[in-house]
Amino acid sequence: MNLIAVLLPPLIAAALTGIPSKKSWWAPGVSVLSCLVVLLLAGRMAWRIALGSSLTAALGAGWSNWVAIDGLSALILLLIALVASTAAVYSVGYMAHGQLTQGKLRLYHVNYNLFIFSMLAIPLLAEPTLVWIVVELTTLCSALLVSFENTREALEAAWKYVVLSLMGAGFALFGFLVLFAAMHATGSGPYTWSALLAAAPTMPPLLTQTAFLVILIGLGTKVGLVPMHTWLPDAHSQAPSPVCALLSGIETTSILYVILRLFPVMQRVPGAHAQIWALVLGLISVGTAAFLLLQVTDYKRLLAFSTVEHMGIILTAVGLGASAHYGAVQQIVSHSVTKSFCFFAAGATLLGVGTRQISAVRGLIRRAPIAGAALLLGGLAITGAPPLAVFLSEFAILRAGLVQSQYLVSGLLALFIVIAFFGVMVHVNRMVFGTAQANQAQEDPPHEVEAPRFRLPFSCTLALIVAAVPVIVLGLYIPAPLQELLKQAAAALGR
Amino acid sequence: MSATTRQLVENLNALATGLFLLTAFGIVGTRQARGCLQLFIAQSLLLAASAGLLGLQFHSQHLYGVMLVNLITKPVIVPWLLRRTAPVEIYTRREIDQVLNIPTALSIALALAIGAYFLGVPLTQALPPEYHGPNVPIGIAGLFLGALTLTVRREALPLLLGLLAMENGAFLAGISIARDLTMLVELAIATDGLIIVFIVGVLVRAVEQHVGTTAVGALASLKEAAPHAEREVTP
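Read top to bottom, the protein sequences are chains P and X. Its first residue numbered 1, the first sequence is counted upward by one per residue in the working numbering. Its first residue numbered 1, the second sequence is counted upward by one per residue in the working numbering.
It is possible that part of the hints are untrue.
Stated by the list, open to error - Derived coverage of chain X by chain P (criterion: at least 3 residues anywhere in the stretch with Cβ under 8 Å from a Cβ of chain P; other residues may be distant):
(1) 49-62
(2) 188-197
Claimed, not checked - Partial list, computed: chain X residues near chain P (C-beta under 10 Å):
(3) G35
(4) I41
(5) A42
(6) I72
(7) P75
(8) P79
(9) P122
(10) L150
(11) L160
(12) G162
(13) F171
(14) D180
(15) L184
(16) V202
(17) A206
(18) V207
To be clear, the hints were calculated from the coordinates, so they are not data collected in a lab. For every residue, glycine included, the Cβ atom is placed at its ideal position computed from N, Cα and C.
I would like the entire structure built from these sequences, with the hints used as guidance.
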């Protein structure tokens with residue numbers, strides 16, 4: 001089986017959804033089908049890698065310079081496929097709710113599939129400059145999804161997203177070219193992740209470190225690391241909710257994956273301090289996001305800031321060293337499944353109440369029970385309440401930090417996580433259980449009592465239920481093949 | 001190649017990169033949107049010239065390829081694509097309310113260029129002598145000045161050109177230190193530049209239609225802790 005096969009369904013789907021059709025189920029149906037095929041293929045690859053077979057070795061010599069897959073990339077691939085599938089199912093009902101014209105709906109699905117294609121290519125490609133190109137493509141394919149609603153805010157968010165991401169990418173391109181020069185100076189063969197790893201001990205340290213820093217800053221912009229995060233809450237809150245789930249749940253992690261690929265390389269370069277950079281940038285991101293969470297007024301922005309926090313946690317975990325690597329990859333998994341679920345819940349809330357303002361939503365559990373329950377579960381899950389998935393991974397990271405006697409880092413991390421927990425839960429609690437404030441109650445007291453119960457579209461409910469399964473199950477039990485995959489992925493982060 | 005010819009080619013490359021730096025300054029400081037576009041085209045031609053001269057110096061087919069790709073995409077296809085996607089207004093704009101006034105912006109640009117020199121020279125020193133030359137420091141300066149353009153300008157076209165100028169800067173450094181990169185990558189990067197122009201053009205058109213301005217950099221209603229009701233009144 002060729003690895004490239006997994007890239008074909010989204011490309012075909014992008015072409016098919018572009019065909020004008022009078023049937024309203026055509027474009028959403030094709031997207032869902034394509035994502036399910038991708039999930040099947042990615043699941044099969046991940047399964048085989050977990051069982052210990054090397055898929056890269058089975059490739060022809062010509063291919064292995066361009067594509068490769070190991071535990072870490074298989075894990076990212078699987079997560080992308082999983083979130084893309086649930087988001088595609090969720091899109092069916094969510095976009096139908098918006099009374100869009102057929103043309104507009106086609107535009108959404110073409111861009112959706114192209115966006116999925118560009119993300120799937122990130123873990124599969126082995127040539128760093130090609131990876132850079134698909135990272136650019138993720139920005140470009142999702143830009144029109146962010147601006148989809150064409151409101152002033154959405155356009156502003158899309159514009160900031162494009163300009164800042166591409167600005168970061170410009171720096172990252174320079175970094176990747178310098179990295180190539182450093183590798184080429186040692187006389188090693190074609191430019192791939194594995195060749196970089198092999199050449200690392202003899203690469204000129206100055207060039208390698210410069211390249212690493214430039215790439216960390218450049219791609220860190222797109223991951224949303226503080227202080228380059230300013231575009232993220234805008235873009236991740238203005239896009240339609242299924243797109244937010246993709247942006248926050250897996251786009252950030254798959255770009256972070258590219259940065260993580262450089263850590264084992266840097267560990268072999270004498271005198272490089274990549275881990276310190278990871279700790280510093282990671283802790284600054286977690287800390288800043290935790291405090292910003294307290295003052296948000298828009299619940300989708302709340303979730304977006306939580307993404308900044310989680311990216312910081314993952315980077316900090318990578319900086320803590322080998323014993324925290326398992327926790328780091330576990331956090332990648334739990335972040336992706338939980339954050340996408342959260343955005344589905346936020347989307348359901350938005351459909352139910354029609355506003356993104358936290359202060360305007362009270363007593364959600366009575367008005368839209370499914371959305372309310374989902375938002376509550378999402379809020380608890382994303383902040384690391386036991387016994388859900390994020391709790392397990394954050395606990396693993398903190399424990400690894402304590403085992404390594406990194407008391408200051410672990411202490412700060414724990415403190416920020418607790419602050420973020422309160423920051424999110426204060427808002428979510430009011431939205432779900434709160435009663436309308438006095439002044440609002442006087443203006444229209446019957447409103448809250450008599451407002452009809454909101455019925456969520458079936459596909460949205462289905463996507464919420466399916467997305468909730470890993471959020472709950474992975475907190476209690478990690479299946480053996482997944483555990484094996486996580487171990488391999490963690491091993492790929494070290495030397 | 002005789003020593004004199006080699007010297008001549010090296011000098012011509014130094015001239016091309018020097019002029020490249022000048023155009024980067026120009027993109028930061030030119031008020032007329034159309035002027036910015038002309039400077040960007042000049043910059044791309046100089047990049048192509050530098051690629052061709054380095055190709056001559058090191059007998060690299062690959063660099064000739066880079067030269068060709070640059071000659072075709074940036075001076076020809078980019079303006080054509082912009083005409084097809086973006087509204088005409090972006091050309092006619094004259095920017096008067098930049099974030100920083102022009103002398104300040106140019107002073108910062110000068111400081112950045114000097115910084116780029118001190119950053120770039122040690123980098124090339126770490127490589128064999130054939131990689132020494134003005135390309136890396138000037139490429140870094142191009143990268144910085146492109147980023148500066150993005151921060152000080154508000155009009156759509158100069159912002160887009162700032163993005164592309166950053167890529168030009170990275171490339172100018174790249175053709176000197178990474179000249180054995182495969183052609184596939186170069187082609188992909190060139191295509192990517194065109195997709196940037198297309199998407200940004202579409203986005204600018206949408207902003208122009210729905211918000212009624214092409215000064216996209218001036219959009220600033222998304223902020224923390226500002227209720228929606230208050231946001232609406234800000235123009």
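Consistency of the hints with the structure:
Counting residues of the stretch 49-62 of chain X whose beta-carbon sits less than 8 Å from any beta-carbon of chain P gives 0, not enough to reach three: the coverage restraint is violated. Proximity of the stretch 188-197 of chain X to chain P, defined as three or more residues with a beta carbon under 8 Å from a beta carbon of that chain, is established by the 5 residues found. Below 10 Å, beta-carbon pairs count as interface contacts, and G35(X) has none with chain P, the closest being about 21 Å; its hint is therefore violated. For the restraint placing I41(X) at the interface with chain P, the shortest Cβ-Cβ distance is roughly 19 Å, beyond the 10 Å limit, so the hint is violated.
With a cut of 10 Å, the hint placing A42(X) at the interface with chain P is violated, because the nearest CB-to-CB distance is about 19 Å. Interface restraint check: I72(X) against chain P, minimum CB-CB distance 18 Å, threshold 10 Å, status violated. Contact between P75(X) and chain P, as hinted, is not supported at the beta carbon level, the nearest pair being about 20 Å apart and thus beyond 10 Å. Checking P79(X) against chain P: minimum C-beta separation of about 19 Å lies over 10 Å; hint violated.
Taking 10 Å as the C-beta cut-off, the interface hint given for P122(X) holds, the closest approach to chain P being about 7 Å. Interface restraint check: L150(X) against chain P, minimum CB-CB distance 5 Å, threshold 10 Å, status holds. Given the 10 Å rule on beta carbons, the hint for L160(X) holds: about 9 Å separates it from the nearest Cβ of chain P. Because the beta carbon of G162(X) sits about 8 Å from the nearest beta carbon in chain P, less than 10 Å, this interface hint is met.
Because the smallest distance between the Cβ of F171(X) and any Cβ of chain P comes to about 8 Å, under 10 Å, the interface hint for this residue holds. Against a cut-off of 10 Å between C-beta atoms, the interface hint on D180(X) holds, since the closest Cβ of chain P lies about 6 Å away. Taking 10 Å as the C-beta cut-off, the interface hint given for L184(X) holds, the closest approach to chain P being about 8 Å. The interface hint given for V202(X) is met, as the beta carbon of that residue sits about 7 Å from the closest beta carbon of chain P, less than 10 Å.
The closest approach between the C-beta of A206(X) and any C-beta of chain P is roughly 6 Å, which is under the 10 Å cut-off, so the hint is satisfied. Of the supplied interface hints, the one on V207(X) holds, with its beta-carbon coming within about 5 Å of a beta-carbon of chain P, less than 10 Å.
Consistency note: the structure conflicts with the earlier hints numbered 1, 3, 4, 5, 6, 7 and 8.
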